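J.: Here's the letter readout for the chains.
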Amino acid sequence: MTAPSRRAFLRGTALTAGLAGTGVLGSCATPITSVGAESSLQYWNFFAGGDGLRMIGLVDAFRAEHPEIDVTATTLAWGSPYYTKLAMAAAGGRPPDVASMHLSRLPTFAEHLLEPFDLDELAELGITEADFPAPLWQKATVNGELFAVPLDSHPFVLFYNTEICDAAGLLGPDGKLNPINSPQELIEFGRRCAEVTGGNGIAYAAADAFVNWMMFWTLYSQNGGTLELPPGGTAQFDREKMIEVLTFMQEFTDGEVVSQTADAAGAIAVFGSGQAGILLTGEWEVSTFLTTGTPFSMQEFPQLYGTDAVRGDGHSFVLPRQRDLDEESRRNAYLFVASALKNSLSWGEGGHIPAYGPVSESQEYLALTPQSNYREAADKIAFDPDAYFSGSGSSLMGQAGQILAALHLQSITPDEAVDQLEAWLNKQLATPSPV
Amino acid sequence: MATTTTTSTVSPGPARPLDGRVPKNSLTTNRGGFWFVLPFLVVYALFTIIPVLYGLGMSFFDVSLAGRPAQFVGLDNYAELLGDSQVWRTLGHTLLFTVMSTVPLVLVALGMALLVQSGVRGQWLWRFSFFAPFLLPVATVVLIWQWLFQNDLGFINNTLAQWGLPTVGWLTDPNMALLSTVIITVWWTVGFNFLLYLSALQAIPESIYEAAAIDGAGPFRRLVSMTLPLLNRTTGLVIILQVLASLKVFDQIYILWAGGTGGPEGAAAPILQYVYDSGFVNYRLGYASAISYFFFLLIIAVSLGQLWLTNRRSANRKGQ
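Residue numbers (my numbering), protein chains in the order written: chain A, 45 to 479; chain E, 2 to 321.
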């Protein structure tokens, strides 16, 4: 889940990596041990941009703690290119010793391609269930075993421009945004911001599949909706609640206060240049606005319906299945995971909420604003529904996002949107599952 | 995957002696020749022939990227794709794109070549300008156009608005998605066809034009009755290369809409993206292989059809 602002880079590398890279997997997975090193560790991840720099920082910190371990960290383009390579390397039996993964992608991988963590070994290193927010640990557990150690959670959040919102009279005496308690209040806040900017009130990437999905899944979860996707069956969901949310989403992008056509880069540019009072997107965009110097703050996405929930995902570490397990490398993988968690304060600077309790409850993290403003979202994460075609960067996200983009453009009705989504889901469920 | 292959112009190959006898020490007959070709053959086998056969095999299994052991499923994948509306829809997009892109890519290239050849001043500058976009990597090209096409902030829509014209949803309107892709592709790759045409134009001897001028043929007459017929072979070549290249459209669409599903409402998703999505996003490698072989057969049919047409045409000409 690198940020939309880094898409430019991803777009550039995604294709070459995705298409050309598959041929050389075997050689990539071979541990290259430099002369004199005691033991080695191969680590694959997908972090680019600011996250990439912070991840390099974590790897360097580990190198400093364990100079006897020769670490090779490989960064690949996020999304399908990354997961394709990881899956192929694991299927070939010579994957890296440890790898990054979105928790929403875990169930599919855990089935055949990963090995569970040993809880005792983790506990020895100071990592126990009690250290993590319940939704993360639960999501990291598949068939009763822990297949991933969460590094962070990254929710959908609300950014606001403090100057514009102040001028619009939307800030409380503490300088924070007044509470938004209903869908209509969100629209009203947007309208008041638009009066100040003379243009957009809320920057929202209505043409972007990812942002649309985050918004939809947040609102539908808040409205108490669920989505069950049994292989071979049909999609089970609450049509009424879905229609209610979609009707609001269509009303929300009115083309005046909220654009119907902005893409991710456009929405970020509009907010970053002070042309909108509020931005709805993932928290990882924080680095962008710290750089642009936009006067802004952040908070949890407001609770607009009855249930307190927000769409999010989590980055985590996993142990790909080895054909010939090297005990020492496996041990190094545990050491690396523990080290990264304990040093994850720097990771939190990028906007992600550290998953590891001793870090997320530390004074240093609490003092980190605006990044820690929304830390409580970690306990309310609504993960994507379970299915092999679901999760961050999945085809469900792409497909639903596309339907939602048409909804925002007013070219389909909420009813038609639900019909399209249902038809697509049922088609996916009817085709033979690859898992 | 680019929409223009990098094959160079047709070279007639080493000329055979008029008596038809093959010289004794040519590279094709000399046994030593084999050893020179061997390194290429090894690479070719390793990275083309073997993967092609391996892929064909995969299309008969339900190979999964998610690591589940594969089972032989016979023709199930092929049966499934025939009934998969998304296969036909994306195939339609690819074919439509091929038609929509080939026509301007041939005509615009010809027009530009004629302009440059007509002796405008600063010929090198035109030649360079027309060819320069072709040298850019696809990601750069798409990035440039993404901002030009941007709905609310983009240069094109801003300019339209300044002129009081309605703005266009270049990247968000399903009816525009393919056309936008065509515009980008033409700008990006027309330079290659332009170069083919220009070299063909430069190969036409000046003396023919002089003779025609003496006979009283005006510029238009010379263009229609002499230049264009003499460019026939090049046009045939350009069309064949262009059709094959356009059928392979994938990367600019994939990058333009950031992976996703191929534009608004999937209106520009080419069949190769469906192959990619089925195999790499949805883990169904076996099914994805079947779709690619289905498409491969189609490309072979197109190529054979074109070969047959060209052969018949040249046979007719010889018969006259």
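For the record, the hints were derived by calculation from the structure and aren't laboratory data. Keep in mind that the hints are not guaranteed to be accurate.
[As the list claims (entries may be wrong)] If you want the footprint, here are the derived chain A segments under chain E, 3+ residues with CB under 8 Å:
(1) 90 to 103
(2) 130 to 143
(3) 201 to 207
(4) 435 to 444
(5) 449 to 463
These numbers were taken from a predicted model, which means no experiment stands behind them. Every residue, glycine too, gets a C-beta built ideally from N, C-alpha and C.
J.: It remains to establish, for every hint, whether it holds in the given structure.
T.: Comparing the hints with the structure gives:
1. Counting residues of the region 90 to 103 of chain A whose CB lies closer than 8 Å to any CB of chain E gives 0, which falls below the minimum of 3, so the coverage claim is violated.
2. Remark: the region 130 to 143 of chain A is confirmed as covered by chain E, as 4 of its residues place a Cβ nearer than 8 Å to a Cβ of that chain, reaching the required three.
3. Given as covered by chain E, the region 201 to 207 of chain A fails the check, having 0 residues with a CB less than 8 Å from a CB of that chain where 3 are the minimum.
4. Interface restraint, the region 435 to 444 of chain A with chain E: holds (5 residues with C-beta to C-beta distance below 8 Å; minimum three).
5. Using a Cβ-Cβ cut-off of 8 Å, 4 residues of the region 449 to 463 of chain A lie near chain E, which meets the minimum of three, so the contact claim holds.
When the structure is compared with the earlier hints, violations turn up for hints 1, 3 and for no others.
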